[in-house]
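S.K.: Using the hints, build the complex out of the two chains.
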Amino acid sequence: MKNRSLVSINDFSKEEYLKILDLASEFEKQPVQNILEGNVVATLFFEPSTRTRLSFESAVNRLGGRVIGFTDASSSSTSKGESLKDTIKTVANYSDLIVMRHPIEGSAKWASEVSSVPIINAGDGANQHPTQCLLDLYTIRQTQGRLDNLHIAFVGDLKYGRTVHSNVIALTQFDNITFHLVSPDELKLPSAVKMHIKKKNLNYYQYTDLKEVIPHLDVLYMTRIQRERFSDPIEYERVKNSYVLNNDMLDGSKDNLKILHPLPRVNEINEDVDSNPKAYYFEQALNGVFVRQAILASILGKK
Amino acid sequence: MEEPLRKELIVSAIENGTVIDHIPSTAVMRVMKILELEKSKNQVLFGMNLESRKFGKKGIIKVRDTFFEPIEINKIALVAPSASLTVIRDFKVVEKKMVEIPDFVAGFIKCFNPKCVTNHENVPTKFNVIDKIEIRLFCHYCEKITKKEHIQFI
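Residue numbers (the working numbering), protein chains in the order written: chain A, 1 to 303; chain B, 1 to 154.
No lab work stands behind these hints, which were simulated from the structure alone.
Small disclaimer: the values here were computed from a predicted structure and weren't measured.
A few of these clues could be false.
[To be verified] Derived CB-CB ranges, DEER-like:
| hint | chain 1 | residue 1 | chain 2 | residue 2 | range |
| --- | --- | --- | --- | --- | --- |
| 1 | A | Asp72 | B | Asn122 | 53 to 61 Å |
| 2 | A | Pro190 | B | Lys148 | 29 to 37 Å |
| 3 | A | Leu54 | B | Asn128 | 54 to 62 Å |
| 4 | B | Asp90 | A | Lys199 | 25 to 33 Å |
| 5 | B | Lys57 | A | Ser79 | 52 to 60 Å |
| 6 | B | Met48 | A | Arg51 | 53 to 61 Å |
| 7 | B | Glu149 | A | Glu15 | 49 to 57 Å |
| 8 | B | Lys148 | A | Asn201 | 26 to 34 Å |
| 9 | B | Ile133 | A | Ser242 | 49 to 57 Å |
| 10 | B | Lys148 | A | Asn203 | 30 to 38 Å |
[Unchecked claim] With a straight-line Cα cutoff of 20 Å, these simulated SDA-like cross-link-like pairs (lysine to any residue) come out:
| hint | chain 1 | residue 1 | chain 2 | residue 2 |
| --- | --- | --- | --- | --- |
| 11 | A | Lys194 | B | Phe138 |
| 12 | B | Lys147 | A | Pro103 |
| 13 | B | Lys115 | A | Ile35 |
| 14 | A | Lys278 | A | Val266 |
| 15 | B | Lys115 | A | Lys199 |
| 16 | A | Lys199 | B | Ile145 |
| 17 | A | Lys198 | B | Ile130 |
| 18 | B | Lys148 | A | Pro190 |
| 19 | A | Lys303 | A | Ile35 |
| 20 | B | Lys115 | A | Met195 |
| 21 | B | Lys144 | A | Lys303 |
[To be verified] Away from chain B, derived, C-beta distances all over 10 Å, residues of chain A:
| hint | residue |
| --- | --- |
| 22 | Lys29 |
| 23 | Gly38 |
| 24 | Ala73 |
| 25 | Leu84 |
| 26 | Gln128 |
| 27 | Asn270 |
Virtual Cβ for every residue (Gly too), placed ideally from N, Cα, C.
This is chain B alone, in the form it adopts within the complex (with noise of 0.2 Å):
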């Protein structure tokens, strides 16, 4: 691992698993719900307010075991666009990126018209990324665009 070693000691090593970093602090709540980490038989270690010379503060979220679909991961894109991601196999790092924001998304955020199908009928909201450094969301149903200011998430 390339980070120092104070922060090793808040969030414990892992041996194989994910590391996810550079998560807003205020985000780290919303990615576990987005990844369904509250559902997990795994191991789950997180940190909020953690020191980061980038971003001042920081979270960090770590999961024994679990690695993630690239359509899995590039979710939490909408909350963290900063996060890291590294892959753990024997305490050794294999893979390291940088999430992405996917072209769709699917059943985490909530259609911002009031009148839409989703906010109505037991639907599923779904959205094509129109733009991805503004972050527009164009809905499948209601064909309405709902921007980064109106995110809510389910």
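One chain only, chain A, in its complex shape (with noise of 0.2 Å):
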């Protein structure tokens, strides 16, 4: 991966995953290692974020490098009327590699074609979160010790949600994974999605109610269901309390059930669930830092 941008989960493969998956739980045993003393990372944040920004930074500060960089768009010459091309250019100059988010699809692609630099994409609008689909990748691999034979479940917004739709894509590269679907009928997965999963003969069933399908798991990923995504909002009203996890929800799941969410969490799971060992969605935040690690040492060319 040294020298290559990071834009798409599209654009690697099964053996480039479990690489960067290796180096990540090498990071996980010795987070804090000297290998990007005097380089320089730019996080760029034309749109706000918590997590995935400041476990970059953290993942930068635990390998020796510095962050420059922004924190949303107001505060760069875009508010200016700077193109992206002019912005991407002008940090290139000032350091090693380039993390960005920004609500525009398809913004990193082209990015990663004017940078001198590599560009790792961290959100480009509703398109691709590839950082979020690794570190996922990760957690599901550290708590059920492998990717392949598991029964996984994606709850709520399966429609617009990129995060659901690039971990189904990149799961398909997996042997024997059964994908349950759960979510409102206006919000179910898309068919270009689910042509992947029928490409390469995996099953799927769909469903619109969470509590039936809770005892099959080995994985329940939870999403927020967003209202503004519904055309009528008393069908809103109407379903909103079917995704909502509960801890008595898990009562008859498996031992090995583990919940994970990309959070920020709104109200889909219970704050009662938070104590339930099965609650898994904190250590898979953690898990962010050293699964971006893996991949700035790994882009850095330092692994």
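M.R.: If you want it as structure tokens, here you go:
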């Protein structure tokens, strides 16, 4: 991966994902290593983020590198009308690698074509967020010991959720994954994503009720349902509580079940679940640091 | 030329150059634009609403002393999939073929996704043609699909 940009999860092979995950487990054992000393990483966040930006900055700091950047577009020359190309070409002069989040889809791809240093896409609108996908794969492997022969449920907004689309597509590269897709009818997984599952002859089942699926699962991946996605607000009111997980619903679930969520959560996981050992979303957020350390070290040629 | 004499009278024969025939009449101007013929220094003759046994009405373009590379000419297949191409040298047909839908198109089709970077920054569009029958274009940048019925030209 040396000097390559990481823009889309579709750009990489299964072997390349696995290499990153193996490297991430090295960083999990030894998170402080001075391998980026003398390197400058720019974090350009044209829209806000908590976990992604801070975990990237934490990853760079723990590896001994320095961080420059901005946390919203209003404090950059974008607010004066500078083009994305000019901003990227300028910042590339000041840094060895650029991490960027931008609300416009395809912006990271474009940046990677005009930049003289590698770009890591930390989210381009509703399109791609490959480092989230890799940290989710890492967390699944960490908790289950494997990335094949698993029953995985994705719950919530499966129509617009970029994280769900990337994860489903990435997981279709592994053997015997069964997908359980739980969503309101209005927010079902798009057929273009289902095509990836069918192409690999994997099984998927669609549900509108969360309760019935829980006993079968190894991984329960929750996502947020946003009110503004519904054309009919009455429909939202009707379904919103069907996709809220509480502790009682976990009775009868498998011992190895882990609950993941990309965060931020609003109310889709009741706080009474947090103390259940099956809740794993905060550990998942910690894994973001190790996986991003692995990505930074690979691209900068330090591992 | 194999065309009926009547049409030869309407759009005259050329000594050397390219004839693009069987263009839907409504697509003639678009084909001219895609091939940038409005900037051509050579003679360009065109006709619209000509009678055609196969198509009812058709358009034709004849460009003197101009020969197109396949990559260039195949761009027009998205607006004129039925177009045929005849290369003329010394008033003789030396090559005749149909246009083919290319694997890749760049620069002249707008991405359907309003949030795509190509609709916000000065970025030329690029698409992979993932379905040549239904015509579905996969955006190189935002990874969204523009379908035939949503194609708009830049």
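S.K.: Now look at each hint and say whether the structure bears it out.
M.R.: Okay, the hints, checked on the actual structure:
Range check, A/Asp72 to B/Asn122: about 23 Å between beta-carbon atoms, so the 53 to 61 Å window is missed. At about 19 Å, the beta-carbon gap between A/Pro190 and B/Lys148 misses the expected band of 29 to 37 Å. Between A/Leu54 and B/Asn128 the CB atoms are about 36 Å apart, so this pair departs from the stated range of 54 to 62 Å. Checking the proposed 25 to 33 Å range against B/Asp90 and A/Lys199 shows it is violated: the Cβ atoms sit about 52 Å from each other.
Taking the beta carbon of each, B/Lys57 and A/Ser79 are about 53 Å apart, inside 52 to 60 Å as hinted. Remark: the range hint 53 to 61 Å for B/Met48 to A/Arg51 is upheld by a beta-carbon distance near 59 Å. Separation of B/Glu149 from A/Glu15 is about 39 Å and departs from the stated range, judged on CB atoms against 49 to 57 Å. The hint said 26 to 34 Å for the Cβ distance between B/Lys148 and A/Asn201, and at roughly 29 Å that hint holds.
Remark: the range hint 49 to 57 Å for B/Ile133 to A/Ser242 is contradicted by a beta-carbon distance near 40 Å. Range check, B/Lys148 to A/Asn203: Cβ separation about 32 Å, and the 30 to 38 Å hint holds. Our distance criterion of 20 Å between C-alpha atoms is met by A/Lys194 and B/Phe138, whose separation comes to about 17 Å. For a cut-off of 20 Å, the pair hint linking B/Lys147 to A/Pro103 is broken: about 24 Å separates their Cα positions.
For the proposed pair B/Lys115 and A/Ile35, the alpha carbon gap of about 38 Å is over 20 Å, so the pair is violated. For the proposed pair A/Lys278 and A/Val266, the alpha carbon gap of about 19 Å is at most 20 Å, so the pair holds. For the given pair, B/Lys115 sits about 29 Å from A/Lys199 by alpha-carbon distance, which is inconsistent with the 20 Å threshold. In summary, the hint linking A/Lys199 to B/Ile145 is supported, as the alpha carbons are separated by about 18 Å, within the 20 Å threshold.
Our distance criterion of 20 Å between C-alpha atoms is met by A/Lys198 and B/Ile130, whose separation comes to about 17 Å. Under the criterion of a C-alpha separation no larger than 20 Å, the hint pairing B/Lys148 with A/Pro190 is consistent with the structure, at around 19 Å. Among the hinted pairs, A/Lys303 with A/Ile35 is consistent with the structure: their alpha-carbon atoms are about 9 Å apart, no more than 20 Å. A distance of roughly 24 Å separates the Cα atoms of B/Lys115 and A/Met195; the hinted pair therefore is violated under the 20 Å criterion.
For the given pair, B/Lys144 sits about 34 Å from A/Lys303 by alpha-carbon distance, which is inconsistent with the 20 Å threshold. The Cβ of A/Lys29 lies farther than 10 Å from every Cβ of chain B, with a closest approach of about 35 Å, so its non-interface assignment holds. Consistency note on A/Gly38: stated as away from chain B, and its beta-carbon is indeed over 10 Å from all of that chain's, at 32 Å minimum. At roughly 13 Å, the least C-beta separation between A/Ala73 and chain B is larger than 10 Å, which holds for a residue marked as non-interface.
A/Leu84, annotated as away from the interface, has a beta carbon of chain B within 10 Å; the closest lies near 5 Å. Annotated as non-interface, A/Gln128 brings its C-beta within 10 Å of a C-beta of chain B; the closest such distance is 7 Å. Every C-beta of chain B lies more than 10 Å from that of A/Asn270, the closest at about 33 Å, which supports listing it as non-interface.
In summary, the structure is inconsistent with hints 1, 2, 3, 4, 7, 9, 12, 13, 15, 20, 21, 25, 26 from the numbered list given earlier, while agreeing with the others.
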